[in-house]
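**Student:** Assemble chain Z onto chain U, guided by the hints.
Just so you know, the protein sequences line up as chains U and Z, in that order. Numbering-wise, our numbering comes out as the position in the first sequence, counting from 1, plus 895. Numbering-wise, our numbering comes out as the position in the second sequence, counting from 1, plus 895.
Hints are supplied without guarantee of correctness; some may be wrong.
Note that the list lumps identical chains together, so a pair holds whenever it fits in one copy or between two copies.
As the list claims (entries may be wrong) - Listed next, the in silico SDA-like pairs over lysine to any residue satisfying Cα-Cα at most 25 Å (straight line):
#: 1; residue 1: LYS968; residue 2: SER1190
#: 2; residue 1: LYS1236; residue 2: GLY1210
#: 3; residue 1: LYS1066; residue 2: GLU1123
#: 4; residue 1: LYS1142; residue 2: THR1274
#: 5; residue 1: LYS1142; residue 2: SER1017
#: 6; residue 1: LYS1236; residue 2: ILE1216
#: 7; residue 1: LYS1278; residue 2: ARG1023
#: 8; residue 1: LYS974; residue 2: SER1118
Rather than coming from a laboratory, the hints here were simulated on the basis of the structure.
Number of protein chains: 2
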Amino acid sequence: MLAEIITIGDELLIGQIVDTNSAWIGQQMNQVGFKVHQITSVSDNRDHILSALAEASQRVQMVLITGGLGPTKDDITKKTLAEYFGTDFVFSQEAYEDVEYLFKIRGREVTPLNRLQAEVPSNCTVLRNRVGTAPGMWFEENGVVYASMPGVPHEMKYLMENEVLPRLKSKFKTPFILHRTLLTQGIGESFLAEKIADFEDHLPPHIRLAYLPAAGSVRLRLSGWGEEAFIRSEMSRLVADLQERVKEYLYGFDEETIAGVLGDLLRKNGLTISTAESCTGGNIAHLLTSIPGSSAWYMGSTITYSYESKTELLGVPKEVIEKHGAVSEEVVTSMVNNAKKLLGTSCAVATSGIAGPGGGTPDKPVGTVWIAVSSPRQTIAKKVLLGDNRLRTIQVASETALNMLRKLLISEGL
Amino acid sequence: MLAEIITIGDELLIGQIVDTNSAWIGQQMNQVGFKVHQITSVSDNRDHILSALAEASQRVQMVLITGGLGPTKDDITKKTLAEYFGTDFVFSQEAYEDVEYLFKIRGREVTPLNRLQAEVPSNCTVLRNRVGTAPGMWFEENGVVYASMPGVPHEMKYLMENEVLPRLKSKFKTPFILHRTLLTQGIGESFLAEKIADFEDHLPPHIRLAYLPAAGSVRLRLSGWGEEAFIRSEMSRLVADLQERVKEYLYGFDEETIAGVLGDLLRKNGLTISTAESCTGGNIAHLLTSIPGSSAWYMGSTITYSYESKTELLGVPKEVIEKHGAVSEEVVTSMVNNAKKLLGTSCAVATSGIAGPGGGTPDKPVGTVWIAVSSPRQTIAKKVLLGDNRLRTIQVASETALNMLRKLLISEGL
Chain U
896 MLAEIITIGD
906 ELLIGQIVDT
916 NSAWIGQQMN
926 QVGFKVHQIT
936 SVSDNRDHIL
946 SALAEASQRV
956 QMVLITGGLG
966 PTKDDITKKT
976 LAEYFGTDFV
986 FSQEAYEDVE
996 YLFKIRGREV
1006 TPLNRLQAEV
1016 PSNCTVLRNR
1026 VGTAPGMWFE
1036 ENGVVYASMP
1046 GVPHEMKYLM
1056 ENEVLPRLKS
1066 KFKTPFILHR
1076 TLLTQGIGES
1086 FLAEKIADFE
1096 DHLPPHIRLA
1106 YLPAAGSVRL
1116 RLSGWGEEAF
1126 IRSEMSRLVA
1136 DLQERVKEYL
1146 YGFDEETIAG
1156 VLGDLLRKNG
1166 LTISTAESCT
1176 GGNIAHLLTS
1186 IPGSSAWYMG
1196 STITYSYESK
1206 TELLGVPKEV
1216 IEKHGAVSEE
1226 VVTSMVNNAK
1236 KLLGTSCAVA
1246 TSGIAGPGGG
1256 TPDKPVGTVW
1266 IAVSSPRQTI
1276 AKKVLLGDNR
1286 LRTIQVASET
1296 ALNMLRKLLI
1306 SEGL
Chain Z
896 MLAEIITIGD
906 ELLIGQIVDT
916 NSAWIGQQMN
926 QVGFKVHQIT
936 SVSDNRDHIL
946 SALAEASQRV
956 QMVLITGGLG
966 PTKDDITKKT
976 LAEYFGTDFV
986 FSQEAYEDVE
996 YLFKIRGREV
1006 TPLNRLQAEV
1016 PSNCTVLRNR
1026 VGTAPGMWFE
1036 ENGVVYASMP
1046 GVPHEMKYLM
1056 ENEVLPRLKS
1066 KFKTPFILHR
1076 TLLTQGIGES
1086 FLAEKIADFE
1096 DHLPPHIRLA
1106 YLPAAGSVRL
1116 RLSGWGEEAF
1126 IRSEMSRLVA
1136 DLQERVKEYL
1146 YGFDEETIAG
1156 VLGDLLRKNG
1166 LTISTAESCT
1176 GGNIAHLLTS
1186 IPGSSAWYMG
1196 STITYSYESK
1206 TELLGVPKEV
1216 IEKHGAVSEE
1226 VVTSMVNNAK
1236 KLLGTSCAVA
1246 TSGIAGPGGG
1256 TPDKPVGTVW
1266 IAVSSPRQTI
1276 AKKVLLGDNR
1286 LRTIQVASET
1296 ALNMLRKLLI
1306 SEGL
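Just chain U, same shape as in the assembly:
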């Protein structure tokens, strides 16, 4: 059973916003066994929307549409859908009640523009939106289902979870698809490919392997289609095999993150963490505090960008900075140990480096980062060279630091 996603909006085509909706919808659809065949982004243009709808309906049974439902004049999706189906508009009392409810809890009056949002094509079923002012719409014609949702991510997610997915699941029989993803850090794609060439050559035909590289990590995804019990047993055998082959680099599975895996390890062992960051500028703390429940094991951080703050806030001796430079094993080791003391934590990570674009020297080029991590038993440090892309350096240094601590704790038997 195939689906297509159509995302509507000039802002997607001129690149003013990144389409994060399609990836999220793709994940949700896959989890319940629907395959997304194609994603098409088109402009806020009548002809273009009409042809995208007509083409998709020739290829698949489910057309999921996002965007162009706002209250403003540039949004024409609803009007164009009515034209596509050749229908009039009717006023939907339930859609209007949702708008009223939303404005009431925000302490505001309904505007005439928002009242217009409760007008819908007469052949649609209203998908009630409790988190925004644009109702979702569900259409069925010639065996094809169309669901139209707002482009604002949290509204689209609300409608997918509460309206669209339940309806799709009850309407279509879902085949079985299983994905397992192994997450690795610290090895490049081609080296990984050579390491597991033999495994890949002997994969059965109903299981596929994909390499998904990102800043500082490579994900290995196995996908299987077929009879559920058979695929589950094949998959668990293959995952165990692959896991053994890449164990040195493996930090987790599927939707896990290095911060989340480390957080679990800390929580289970009653440990706590602080960070002392220079070049990563708070990104490690941000990754840790993005995890719900992190207040149980994350205590706090110092971010010391200036020399003075390294000394005054964190107590790194001025002489050590003067002798070795701020980007050095000695400074980063002092940072990590002082963070533990200052915040009273059992573990810590610290970074000091040159994110660039300025600040490089022949000895310490842009992208040089010293990382130190400390467990209850020991402190270790290493230097990495991460190149000249500032944001990439911040991200790779952050993930490398978290993974270093994770590996250190595991090497100590935790």
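**Tutor:** Coordinates of chain Z only, in the frame set by chain U:
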């Protein structure tokens, strides 16, 4: 002159990665006057790639392809392009030299898999890739240009900037397109629309307005097509008019960010900043330190998640926390003032709130955040209610805090 983008990879359709390439390519193409007509994401499947290429070539003159060029077996774009054009493979000495160069500076040996990457379809012009192992490829057939690039973002960007855009600009005449975007914070889309309804009703036909909402902000984009001098003069008149209408909410233009705008204001006035973060967990520091050159005005931060760290690291009196709670005007004001002292800065921002999902009470529900900002002259605080999405609350609180300080500094004549 129209272009389409085809992104290739199962990982896009199952939602394992978000397609950030298309937005970036869209921006670049627009800047030089090419219009992206459609973005299509297809799977690593021969038939699907072939039909996407054939369809796009019927609609536009430029087909930009990303993905599926890796060294591994799941990548079939190159093979499929050769089939599409009906050509053989040849060994490219210059592509091989680029692979050798890259491995040399990384201190590694070329693998047989990477040697294979230097094989290209005989009808292509190699686009030299100095930052990765997969060469780009340029094809021309029946008046349509095809450029194939790796999906890894920094490799794709390198090839677009150094090879694809220069070739497109010399091959096709570019019409004039001008976009200007006004960035607002602190007002919802429908309220903004009512505020500027009159402006929108009187827009000339060659200028369009679009609303682009994101977490905590709405961008207003004006786009004009036509004769350059005329469009520039029309646009500057309209931007000035719109700017006046939304001035209360406006923080910047085009690709600016709140952190960047605030950073410029600090730098120009010789001011410095620190942050004291609780619920935003380092995200404000991360936004500030993502700006190149931020070390000139950003000194450092404390992130105090635990009660103890608020007292011990930041000096918030224990009695104040006990009396008013950690999420209170008194605590956040103490945090911001102590951050200034501790880090010796002229300005500071502080946050304390409940990001959720746990920790809410009837008095202080999840999403309650106290924000304090301090200029050299004064400290102000306010409470905001941001709802129950943890990551959204972190982001909106961060941007609101930075914008509060920006507005305070401007109100003081800076």
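**Student:** When the hints from earlier in the document are held up against this structure, which numbers fail?
**Tutor:** 1, 5, 7
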